[in-house]
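Undergrad: Sequence:
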Amino acid sequence: MPLSADDRLAIHELVALHGHLMDDGAFDRLSELFTDDFAYDVTAYGFGVLRGYAAFAEAARTLGDGNPLGHHVTNIVVSEDADGTVRVRSKGLGVPVDGPVGTVVYEDVVRRVEAQPPAGTVGARRPATGWRISYRRVVPRRRPLHPEGRSQYPQG
8 MPLSADDRLA IHELVALHGH LMDDGAFDRL SELFTDDFAY DVTAYGFGVL RGYAAFAEAA
68 RTLGDGNPLG HHVTNIVVSE DADGTVRVRS KGLGVPVDGP VGTVVYEDVV RRVEAQPPAG
128 TVGARRPATG WRISYRRVVP RRRPLHPEGR SQYPQG
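Numbering (our numbering), first residue to last: 8 to 163.
Here are the simulated distance ranges between beta carbons:
1. 89 with 65: 35 to 43 Å
2. 52 with 27: 16 to 24 Å
3. 11 with 53: 35 to 43 Å
4. 105 with 151: 20 to 28 Å
I should point out that these hints are in silico values taken from the structure, not numbers from a laboratory.
For every residue, glycine included, the Cβ atom is placed at its ideal position computed from N, Cα and C.
Based on the provided sequences and hints, a complete structural model is requested.
TA: Here you go:
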């Protein structure tokens, strides 16, 4: 079944939420953004694949002042594979404390999840039924368009 306009809007808002939560340091709200079993691939930055809320939050805290002041997302494209996998490709801008602005491509897989208690908790509930990121690969853009007309970056 094709994605509805409501699904597409919810996915756009999900992708936008990432920047707000990161810039606010709201790691207690990661379940609004990611599935319980998510993987965050920052191999291109030398950090490998982070799995789970604790690993993600620890990596962000460890960066300290190396974190951008602002995470901004744009150019969001949502697609659905023949097998029903929903993919999102977007562009990100990171504004550092000092130095040049960095740009990345986010390559996401998102899943619809039902509200349920997180594993190992009693009485707690996932914030709401809805879309969550189950996989994100962050690909830095360090070179402009190549003379042959194609970027030198993988296309996901």
